[in-house]
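Dock chains A, E and G against the given chain C, drawing on the hints supplied.
4 protein chains.
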Amino acid sequence: MAANEADKLITSDDQDHPANLIPSLCAKFWTLGWVTGTGGGCSIRDDDLVYIAPSGVQKELMKNTDIYVLSLAAQEPTFTERTYLRSPPCYKPSQCTPLFLAAFTRRNAGCCIHTHSQWAVLVTLLLEQEPQGGGGSSSSSSSRKVFEMNNIEQIKGFGRGFGKTGNLGYHDTLRIPVIENTPHEEDLTEYLEAAMDEYPDTYAVLVRRHGVYVWGDTVHKAKTQCESLDYLFQLAVEMKKLGLPWVSDIPRVAPDRA
Amino acid sequence: MAANEADKLITSDDQDHPANLIPSLCAKFWTLGWVTGTGGGCSIRDDDLVYIAPSGVQKELMKNTDIYVLSLAAQEPTFTERTYLRSPPCYKPSQCTPLFLAAFTRRNAGCCIHTHSQWAVLVTLLLEQEPQGGGGSSSSSSSRKVFEMNNIEQIKGFGRGFGKTGNLGYHDTLRIPVIENTPHEEDLTEYLEAAMDEYPDTYAVLVRRHGVYVWGDTVHKAKTQCESLDYLFQLAVEMKKLGLPWVSDIPRVAPDRA
Amino acid sequence: MAANEADKLITSDDQDHPANLIPSLCAKFWTLGWVTGTGGGCSIRDDDLVYIAPSGVQKELMKNTDIYVLSLAAQEPTFTERTYLRSPPCYKPSQCTPLFLAAFTRRNAGCCIHTHSQWAVLVTLLLEQEPQGGGGSSSSSSSRKVFEMNNIEQIKGFGRGFGKTGNLGYHDTLRIPVIENTPHEEDLTEYLEAAMDEYPDTYAVLVRRHGVYVWGDTVHKAKTQCESLDYLFQLAVEMKKLGLPWVSDIPRVAPDRA
Amino acid sequence: MAANEADKLITSDDQDHPANLIPSLCAKFWTLGWVTGTGGGCSIRDDDLVYIAPSGVQKELMKNTDIYVLSLAAQEPTFTERTYLRSPPCYKPSQCTPLFLAAFTRRNAGCCIHTHSQWAVLVTLLLEQEPQGGGGSSSSSSSRKVFEMNNIEQIKGFGRGFGKTGNLGYHDTLRIPVIENTPHEEDLTEYLEAAMDEYPDTYAVLVRRHGVYVWGDTVHKAKTQCESLDYLFQLAVEMKKLGLPWVSDIPRVAPDRA
Numbered sequence: 001m002a003a004n005e006a007d008k009l010i011t012s013d014d015q016d017h018p019a020n021l022i023p024s025l026c027a028k029f030w031t032l033g034w035v036t037g038t039g040g041g042c043s044i045r046d047d048d049l050v051y052i053a054p055s056g057v058q059k060e061l062m063k064n065t066d067i068y069v070l071s072l073a074a075q076e077p078t079f080t081e082r083t084y085l086r087s088p089p090c091y092k093p094s095q096c097t098p099l100f101l102a103a104f105t106r107r108n109a110g111c112c113i114h115t116h117s118q119w120a121v122l123v124t125l126l127l128e129q130e131p132q133g134g135g136g137s138s139s140s141s142s143s144r145k146v147f148e149m150n151n152i153e154q155i156k157g158f159g160r161g162f163g164k165t166g167n168l169g170y171h172d173t174l175r176i177p178v179i180e181n182t183p184h185e186e187d188l189t190e191y192l193e194a195a196m197d198e199y200p201d202t203y204a205v206l207v208r209r210h211g212v213y214v215w216g217d218t219v220h221k222a223k224t225q226c227e228s229l230d231y232l233f234q235l236a237v238e239m240k241k242l243g244l245p246w247v248s249d250i251p252r253v254a255p256d257r258a
Numbered sequence: 001m002a003a004n005e006a007d008k009l010i011t012s013d014d015q016d017h018p019a020n021l022i023p024s025l026c027a028k029f030w031t032l033g034w035v036t037g038t039g040g041g042c043s044i045r046d047d048d049l050v051y052i053a054p055s056g057v058q059k060e061l062m063k064n065t066d067i068y069v070l071s072l073a074a075q076e077p078t079f080t081e082r083t084y085l086r087s088p089p090c091y092k093p094s095q096c097t098p099l100f101l102a103a104f105t106r107r108n109a110g111c112c113i114h115t116h117s118q119w120a121v122l123v124t125l126l127l128e129q130e131p132q133g134g135g136g137s138s139s140s141s142s143s144r145k146v147f148e149m150n151n152i153e154q155i156k157g158f159g160r161g162f163g164k165t166g167n168l169g170y171h172d173t174l175r176i177p178v179i180e181n182t183p184h185e186e187d188l189t190e191y192l193e194a195a196m197d198e199y200p201d202t203y204a205v206l207v208r209r210h211g212v213y214v215w216g217d218t219v220h221k222a223k224t225q226c227e228s229l230d231y232l233f234q235l236a237v238e239m240k241k242l243g244l245p246w247v248s249d250i251p252r253v254a255p256d257r258a
Numbered sequence: 001m002a003a004n005e006a007d008k009l010i011t012s013d014d015q016d017h018p019a020n021l022i023p024s025l026c027a028k029f030w031t032l033g034w035v036t037g038t039g040g041g042c043s044i045r046d047d048d049l050v051y052i053a054p055s056g057v058q059k060e061l062m063k064n065t066d067i068y069v070l071s072l073a074a075q076e077p078t079f080t081e082r083t084y085l086r087s088p089p090c091y092k093p094s095q096c097t098p099l100f101l102a103a104f105t106r107r108n109a110g111c112c113i114h115t116h117s118q119w120a121v122l123v124t125l126l127l128e129q130e131p132q133g134g135g136g137s138s139s140s141s142s143s144r145k146v147f148e149m150n151n152i153e154q155i156k157g158f159g160r161g162f163g164k165t166g167n168l169g170y171h172d173t174l175r176i177p178v179i180e181n182t183p184h185e186e187d188l189t190e191y192l193e194a195a196m197d198e199y200p201d202t203y204a205v206l207v208r209r210h211g212v213y214v215w216g217d218t219v220h221k222a223k224t225q226c227e228s229l230d231y232l233f234q235l236a237v238e239m240k241k242l243g244l245p246w247v248s249d250i251p252r253v254a255p256d257r258a
Numbered sequence: 001m002a003a004n005e006a007d008k009l010i011t012s013d014d015q016d017h018p019a020n021l022i023p024s025l026c027a028k029f030w031t032l033g034w035v036t037g038t039g040g041g042c043s044i045r046d047d048d049l050v051y052i053a054p055s056g057v058q059k060e061l062m063k064n065t066d067i068y069v070l071s072l073a074a075q076e077p078t079f080t081e082r083t084y085l086r087s088p089p090c091y092k093p094s095q096c097t098p099l100f101l102a103a104f105t106r107r108n109a110g111c112c113i114h115t116h117s118q119w120a121v122l123v124t125l126l127l128e129q130e131p132q133g134g135g136g137s138s139s140s141s142s143s144r145k146v147f148e149m150n151n152i153e154q155i156k157g158f159g160r161g162f163g164k165t166g167n168l169g170y171h172d173t174l175r176i177p178v179i180e181n182t183p184h185e186e187d188l189t190e191y192l193e194a195a196m197d198e199y200p201d202t203y204a205v206l207v208r209r210h211g212v213y214v215w216g217d218t219v220h221k222a223k224t225q226c227e228s229l230d231y232l233f234q235l236a237v238e239m240k241k242l243g244l245p246w247v248s249d250i251p252r253v254a255p256d257r258a
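Chain order of the listed sequences is C, A, E and G.
Numbering follows full-length UniProt numbering, in which position 132 of the first sequence is assigned residue number 132; successive positions increment by one, without gaps.
Numbering follows full-length UniProt numbering, in which position 182 of the second sequence is assigned residue number 182; successive positions increment by one, without gaps.
Numbering follows full-length UniProt numbering, in which position 97 of the third sequence is assigned residue number 97; successive positions increment by one, without gaps.
Numbering follows full-length UniProt numbering, in which position 15 of the fourth sequence is assigned residue number 15; successive positions increment by one, without gaps.
Bound conformation, chain C alone:
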C-alpha cells in the first residue's frame, strides 16, 4: 500500500477512531502510572483491522501518526512474521503485538490493554511468597499462579466470561491467572495462551514481576475492566499491609431475600 494511502487508515476527525483513541487512552494511562517510561501499551481491533501503539514511545505524547495498522486475516497463524498495512516512520513494532493478537483471535476482543501498574506487579510478588498446594522444588513452580479475591463490590465490574452474558456477582470469586515472565516479551505469548485455555472465563492475565494484560469485547469494556482490576490490585496491596485477607467467607446477608 502506498504511504499516502496507508496514512488514510490513521486519519480521521472522529475522536473515537482507533488511531485517535489509542493516543488519548495512552495519555490517560500515563497519568495513572500504567505506562511509565514507555512501558505497557494498547491495541484496538476494528473488524479485521488492528491498530497498535509502537514500541518505545512516550505514551503521553503519542499521536495518530505513530500508530501501526495490520490486517488480522492477512497474518500467518503463528504470527512469526507480520506484515503491516501502515507503519510509522520512526518506531519499531511493539513486542506486545502477538499478545494483543492472542486476545483478538482467541477471544474476539475489541481492545487489549497492557499495563506495568505497580499494583499488578506487587500482587504477583505477594503471591510469589505464598507456597501453593502441590508446590514443586523451584521457586517459580511453587509460587501461587492465580490471584483470587471475593466479596468486594468492584468485582462486579467484570464480565462472567467469554460468550457468557452478565457480570460477576458480589459473592463470586474473581480469579486472574499469573504467568511467569520471560526475558523476551514475545515469548510470553504461548504462556498467555495457555492461561487463556486454563481459565476460559478470564479477561486478564497477570505477568509475574511485569504487569497485566486486560481485554474486553469493546474499548469501553477493556478500559473499565482494566480500571476495575487496577483498583482491586491496589486494594489488595493495601489490605495486605493492614493484615486483611483477600478471600473471605462472608455470610450472605438478608437470607430471607435469597
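Note that these hints are calculated values from the structure, not bench results.
Heads up, some of the hints might be wrong.
Copies of one chain are not kept apart here, so a pair can be met inside one copy or by any two copies together.
Listed below are the simulated DSBU-like cross-link pairs for lysine-lysine, each with C-alpha atoms no more than 35 Å apart in a straight line [what the hints assert, rightly or not]:
id, residue 1, residue 2
1, K28, K240
2, K28, K241
3, K28, K8
4, K240, K164
5, K8, K240
Coordinates of chains A, E and G only, in the frame set by chain C:
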C-alpha cells in the same frame, strides 16, 4: 413527553445546571478515584426534578445527554417502578437510583454522591476486624457497624444533622453507620433507610466492602461533605498503619476560655 | 467605600494580582489535597492591603469576586472587630483571618498559607505519641511540641529566619513548633503568636490534629516553603512506616573541605 | 553577546526547542513530585549549547525566558567559573550546573534530570540501614553505596551502558551507585564523577538523603530512564513495606528456549 421536549430538560448554557454539573462533578470524582471503572455515581435534585447519571458510563467522559430525569412527585412511594421524564438513548438507569431517592425524600437532600473510594472500603474492612460489644455468631453481625472519629479538625466539615443548624465541633465524635453489602445494589435501599432511621443526624452511610453514600442540602454541601469524609477515611487508614487510634480523649485546651 | 469602587480592588488583568493569584493558588492547593472540603486557605498582603479567601468556599472553584480585602493599618491592634474595604456578596470572612494577620504584622510576611494536609496532621499525631522530656500530667502537655528533622536536602528550601539572610543548610535541624488545636479557629491566634515568640526563626506553625500555617516574605517564598514542608512531612510519615528516624547524626563528609 | 541577540537563543516556535522543552518537562516533573519547592532541575545539551533551568524557580511556572545558555567548549575544564551566552534577568545559575556538565562532558549525554523524588530519598535511607561488607567505622562509610534490583520488567527501560548497544535484560541486575550528600550541591561534582568512573555503565547516580541524577543520550532517553527509575524506587519502597527482597534468584523459565 416527546423526545425533543424531554431533551430541553438536560439542555442549558448554565454550567451550574444539574445536567451540566453532574458530568463535571463526575469527571472530578474520576480523578479522585471515587468512580473507577464506571462504579459510583451522582444525582442532583432541583425541586421536584431529579437528575441521575446512568449505569455503566465512563464517569470522566459523561455528557449532559447521558442524564436521566424523573419527577419525584410522580414516583410510587415504594419506587419499585419508575417513570422517567427523559432517558438517554444508550444506557440503563443506575441501580443506585432508589438509594439516591431515599436521600431526597427522607432528608430533603439536594444532591447525593456514591463513591467506591478505596479509603471507604478499607475503613469498612478494618471495622470488620473489630468485634463489637454484643456481637452475634455470624461474622457480619459481629462486625462493627459504625465508623467513629473525633478530635480532627476536618470533622468540622459536617453539618450537625438534618434540620439542625451549624456544623460538628472539633471535640464532637463523627459517627457514620455501616450497612452490609447486598448482591443487588437496589436491595441496599431498606438497609440504607434503616441506618438513616437509626442515625437521624448522619449525612452519610458506609456500605461494607463497597463504598459510601453521602448527601447534603445542596450540591455544594454534598460535595464538600463527601470530600471531607474521604479525607477522614484516608487519614483513618494511614492512622491504622501507624498504630494511632481513631477516637481519643483529648483534654480541652484553654479551659479558662470554655 | 461604594461597592463598584470596592470591586476595583479585586479587578485586574494581571494574573499576578493578589485577587487573581489566590484563586489560581487555591486551585493548585486543592489538587495537592491541602484544602479539601473547603478546609485551609490563603492570604496575600500587598503593602497595606490584605486579600483573603472567604470561609466555606470550594477552593478549586474560587474566583476573584470571592475575595475579601482589608486595610492592615485600619485594623484595631486586637483585631477583634475587622472592617473590610471589599466583601464578596455570598460568603463569610475566614476564621483564619486573625492568624493570617499575625503573620503579616509580626513577621512582615507577604503571604500566608493554611493547609489541612494529611501529612501535617499525621506528623502531629505521631509527635503526640512521643512523650517529651519534662512532660506534665495531661496528655496534651506531655505531647511533643516541636517537629524536628535534619540531614535531608529539601530542608534547604527554608529561610534561616525572619530578618536573617540565606537558607538553612543540609546539616541544620529544621524545627517547626506544634500548638494544640482549639474548638474555634480564631482562638488559635494567641497560641500561634506565642509559638512565633518562642521560635522566632520559624516560618511555619503546626496545629495538632488540624494542619499547618506557613508564611513567607513573598508569595513565591510562602508557596515554595509550604511545598517543601509538605514534602518533608510526607517523607517523615513514610520514614516512620519504615522505621527510619527523623533526626540523625550524620558525620560531615569531606571534612578536608570544611 | 547583546541581550537581544542572546534572547534569540531561547526564542523558537518549535515546542521541541530546548528552551521550550525544559519548561514543559519541568511542569510535568512538578506534577510527579520530582521538583517540589524549586528543588531539582533539568538541562538539555544541543551540540555545543547547554540550556539550564535557573536556581530557585517554581518549576511548574517556568518560561523559556528563564533559561540560561552556555557554550560547552567555552568552559574551563574545571568549570570553576562559567560564562553564559544568555542569562535570565531575575535568577541565579543553578548549583546543579557542574553536575549536569559532568554528564554532558563525560558521557556525551544530551539531557540530564535531577529530581528530589521522595522514592529516591527513601531508597537511600533504607540502604543506609544495611551495613555493607567491609564497612568502616563511620556511619556513612558503612552505609550501602549501591542500589540493586533485578527480575523486574521495568529494568528493561535502561540502556546497557555508555557506548554499548541495547538495553538491560529482565534477569540483569540494575545497579545505581549512591554518593553521600554535601552541604553545597556543587561539591557533589567530584563524587558524582568518581561514581561515574566506578560504575561506567550507569545512567544515574543517587545522592543520599537528597535525590537522583539521571541522564541519557537524548531528552527522550533521559526522561524515560528517569521515569523507569522512579517507578523502580517507588516499587522498592513498597516492597520493603511488604517484606519483599529487591534482589532475588529467579530460575529462568522455559530453559529449553534459552
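Now the hints, each set against the structure:
1. K28 <-> K240: both (28 Å within a copy, 29 Å between copies)
2. K28 <-> K241: Intra 28 Å, inter 28 Å, cutoff 35 Å: intra and inter.
3. K28 <-> K8: both (25 Å within a copy, 32 Å between copies)
4. K240 <-> K164: within (32 Å within a copy, 41 Å between copies)
5. K8 <-> K240: neither (50 Å within a copy, 50 Å between copies)
Of the numbered hints given earlier, the model fails hint 5 alone.
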